[in-house]
Every structure is written in C-alpha cells, then in structure tokens.
Amino acid sequence: MSRPSKYSGIVVNLLIAVAISLVVNFSYVLLLVVEKSDDRHPPFSRELRTDREIVRVEGDVWISPDGHGYLLYVSPERLSDGDAAATGLAEVAPARDSVYIPRNSARFLRLRSGDHLLADALESHRSGGRLVLGQVLERNGEPFDYGVIFERPQEGVIFALQLFYFFVLAFLLLSLLRLGDRVRPMSGFFKRGLLCAGLAVGLYFIAPVVRWRTHELTILALSGSWLDYNLIMKCSFTLVVVLLYGQISRLLRQRQAMEVENEQLKSENLTTRYNMLVSQINPHFFFNSLNSLAMLVREGDEQKALTYIDQLSFSFRYIIRNGQNMLTTLAEELRFAEAYGYLFKIRYADKLFFDVDVAPKYLDYRLPVLTLQELLSNAVKHNAITKRRPLRVSIRVENGQLVVSNPLLPKLDAEPCTGIGLHNLDSRWQLITGHGIRIDRSEEIFSVCMSLLKPRTK
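In the working numbering, the protein residues as written are 854 to 1311.
Hints may contain errors.
Calculated pairs, DSS-like style, for lysine-lysine (alpha carbon to alpha carbon, straight line, at most 30 Å) [to be verified]:
| id | residue 1 | residue 2 |
| --- | --- | --- |
| 1 | Lys1204 | Lys1234 |
| 2 | Lys1198 | Lys1214 |
| 3 | Lys1119 | Lys1204 |
| 4 | Lys1240 | Lys1198 |
| 5 | Lys1240 | Lys1214 |
| 6 | Lys1119 | Lys1157 |
| 7 | Lys1264 | Lys1234 |
| 8 | Lys1264 | Lys1307 |
| 9 | Lys1307 | Lys1214 |
| 10 | Lys1198 | Lys1119 |
| 11 | Lys1307 | Lys1119 |
| 12 | Lys1240 | Lys1307 |
| 13 | Lys1240 | Lys1264 |
| 14 | Lys1157 | Lys1044 |
| 15 | Lys1264 | Lys1204 |
Pairwise CB distance ranges, derived in the manner of DEER restraints [what the hints assert, rightly or not]:
| id | residue 1 | residue 2 | range |
| --- | --- | --- | --- |
| 16 | Gln1109 | Leu1265 | 46 to 56 Å |
| 17 | His1288 | Gly1041 | 13 to 23 Å |
| 18 | Arg1108 | Met1086 | 45 to 55 Å |
Calculated from the structure, these hints are not laboratory results. For glycine and all other residues, C-beta sits at the position ideal for the given N, C-alpha and C.
Make a model of the complete structure from these sequences and hints.
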C-alpha cells in the first residue's frame, strides 16, 4: 500500500473549501432565509416605504455654501384618483414653494445648483411638517440612475469576491482543525473547534460588503454597520460544515488507526510467538539443559536430577502453553521464573542468585507472558558470572511497577549486543498494555521498569 503524499491533506482541504464556497453562495435555502434586499433597492428607498404623505414635485435645485439646499418647485403634479390610490401620493401638493434637501442627500446625489429635478418628497415630523427630498425620478429631463451615480461594482466582481472570501475562510478553518493530521481525543477536537469559531468571528469583520447608501465596495469593519444577517448566516453555515466534516474525518481516522493497530498487534503477536518458540526452545538451550542434567547424573545426585527434570519440564510446558496467550498474572510469571532460574542455578552453581521481593497484593496483577524469561536470559547472556563476582538478579515491585535489575559485569569476550530482544519486549508491552518499558542504565546497574496492569474486576 503506497503512503499518501504529504500534500494530500492540503489538496483535500482545497477541494472541500471550493465545494463549501460554491454551496454557500449558490444555496437556495440561504437565499430564502435572508433576503438580499440591499442589492436591489436604490438609496433612500427605505425612507419612502412609509405611511407618511408623499408628494411628487418638479423644480430647480439651489445648493447653499453650507452644502444643504432646496428644490424650488414650479407646480406640484396633480394625480388622478386611480394614480393616487395606486401610489399612495396626495392628490394635490401642499401650497409650499420649496423642498428641503439635507446636506447628505445633496452630497451623495451630487446635486448642483440649477439642476432640474422630478422627485418625490415626504413630510418630516422632525422639521415641523416641512417637505424633505426623497427619491429622485428624473434629473435635467433624464431618468435618474442610482447605479451610475454611486459607481456600484459589477455583480460579477462582487460575486467573485464572495466566492474567494468563503473559499479562504473554509480553507483556513479546515487547516486549523486538521493541523498535524493525527487522531486527537474529543477534548482536543473541542478546543480546536473553539479556535475555529474565534477565527471565523475575526474573519467575519473583514468580509467584502457593499455599503447600502454609497454602494462602495469595502470590508464589514469599515462599512459602518457590523450586523449583516446574510453574512452571519453564511459564515455560520461554513463553520458548521467544517466542524461536521472535521468530526466525521476524525472518527474515520480513529477507526482506521484502530484497524491498523489491531492488524499490527496480530502480526506482532504472531511474530513474537514464533520468535519465542524458536529462540527459547532452541538446540543451544536444550543441549545446555541436557549437559547440566548429565552432570547431576554423573555426580549421583538423584534428588537434584529429579528436581531439575521437573523444572525443565515445567519451563517447556509453560512456554508452549502460553504461546497462545498475551497476558498472565505476576504469580504465574514468578512461578515460571523460579523454574527457569533453577536451570541457570544448576549451570552456574553458587554463582547466580535471584532475589524476589513482591508483596502478595501484586500477585494478581497482569503482564505480558514470558516477560521475565526474556529479562533473565538477557542478564545471564551479557554478564560475566564467576565465584569472585557472582551475579544477583533482583525482581521486585515498586509502586505498581515491576523492576528487574542486575549489576553490570561485562564479559571479557562480550557478545555483540543488538538490542533486538529488549526492543521486541518494548513493542509487545506497548501493543498489549499501552505502556512501554523503561530502561535505566548506569555505570554499575542495569534495570528495566514496567507498569503492571491491575487485576480484572470480578
């Protein structure tokens, strides 16, 4: 199976970001939730949607040096009853000779003194019932085009910016959520979800928008209004989709990691069983055992010979029987270590000792099978054992950890140390218990520490 490229995650994020951007901007559901009204109505049209009396007037503009002005109308347009009922305009304009033009209206509409306007005016209660300029219909005999006056950006430009903005937003959220691209616990995913929400809020304020009055293209933070319900809906939809995708992706990767780990465990378990049977029940170990037994027979020590045969038989039976198991109790492992250590004691008479110090409460704790066999063999293999310098191997439990240690007594013709045995033991502990072994080595002492598993509750 080929390994995925390191850029595959980025490519996937790019494709998903493109899909989210297209969905957000083309979603019919979002268009139904929020009406995009600010792109379809000219400025000041909101002021005209009122129940106040509206008057249609025609006249000339006069702008004062201060910026405000007046529309001096010639005569109000008289409407028929049908037009008045349809438009809501008064049948006859009040007998007034001017319509007030606020400074903002004059500046935004770019009105100049002498312009001839046809416009709708409405009463302003703030100005004591005075008429105020509303929507301009014609200027100097031509229809008034708000889009040209305010230089509104093209619809294609606005749409392209919206697509690009939501693409960048989705890509950044996906990249933050999948940073490192490894399986994380739910708490870690929740923290990254909060970071994504904070990033979405920050990017919300730099979203491209069009000002309602001037129709200028700007960012939301500079538009004068920070509440854009259409934009809030789209950003929230993007965030929710990213979080849902992230959660689904996390679950799929977690499941895939579990499957890989299970397959690895099976493979490691089969390899370990094979290696144990091949390396432990090998001719070298078997012939050494027979030589020790022959020595006892020649010496005529019948009792030791019988005991040796019993311990040898128990050791082989334990290895074969537990080749199909992964865990055993510390009590069973110590019983095997006693029998296995006895075989070494006969070979190294009065030169090899095993000190066992385990409290009874730890006897039901569990550990991978044949752990002690590997450690005892390793100690005997790599240390010199003589009468002047006997070897003492310590087996004890400290704070729930099994500790096997021995002094370092280097051999003159030391065998090359490959570290394969301890590496395999560490891999087996990691896969079976979830905890590896800890190796402590000083100038005088070599020790291995392993965390025991508590007994199963009945």
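Is lysine 1240 within 30 Å of lysine 1307, Cα to Cα? The given pair, whose Cα atoms are some 40 Å apart, is violated under the 30 Å limit.
Please verify whether lysine 1307 and lysine 1214 have alpha carbons no more than 30 Å apart. holds (10 Å)
Does the alpha-carbon distance linking lysine 1240 and lysine 1198 stay inside the 30 Å limit? holds (13 Å)
Straight-line alpha-carbon gap lysine 1240 to lysine 1264, limit 30 Å: Status holds; Cα separation ~14 Å.
Lysine 1240 and lysine 1214 were given as a pair; does the straight-line alpha-carbon distance stay at or below 30 Å? This hinted pair is violated, its Cα atoms lying about 36 Å apart.
Okay, glutamine 1109 versus leucine 1265 on CB: inside 46 to 56 Å? holds (52 Å)
Is it true that the CA of lysine 1264 sits at most 30 Å from the CA of lysine 1307? Roughly 38 Å separates the two Cα atoms, so the pair is violated.
Next pair to validate is lysine 1264 with lysine 1234; report whether the Cα-Cα distance is within 30 Å. holds (9 Å)
Range hint 13 to 23 Å: satisfied by the CB atoms of histidine 1288 and glycine 1041? About 21 Å separates the Cβ atoms of histidine 1288 and glycine 1041, which means 13 to 23 Å holds.
Holds or violated: lysine 1157 to lysine 1044, with C-alpha atoms at most 30 Å apart: Given pair lysine 1157, lysine 1044 is violated - Cα atoms ~66 Å apart, limit 30 Å.
With the threshold set at 30 Å, check whether the alpha-carbon distance from lysine 1119 to lysine 1204 stays at or below it. At roughly 40 Å apart (the allowed maximum being 30 Å), lysine 1204 and lysine 1119 break the hint.
Can the restraint linking lysine 1119 and lysine 1157 be considered satisfied, given a maximum Cα separation of 30 Å? Violated, because 41 Å separates the two Cα atoms, which is more than 30 Å.
The earlier numbered hints that this structure contradicts are 3, 5, 6, 8, 10, 12, 14, 18.
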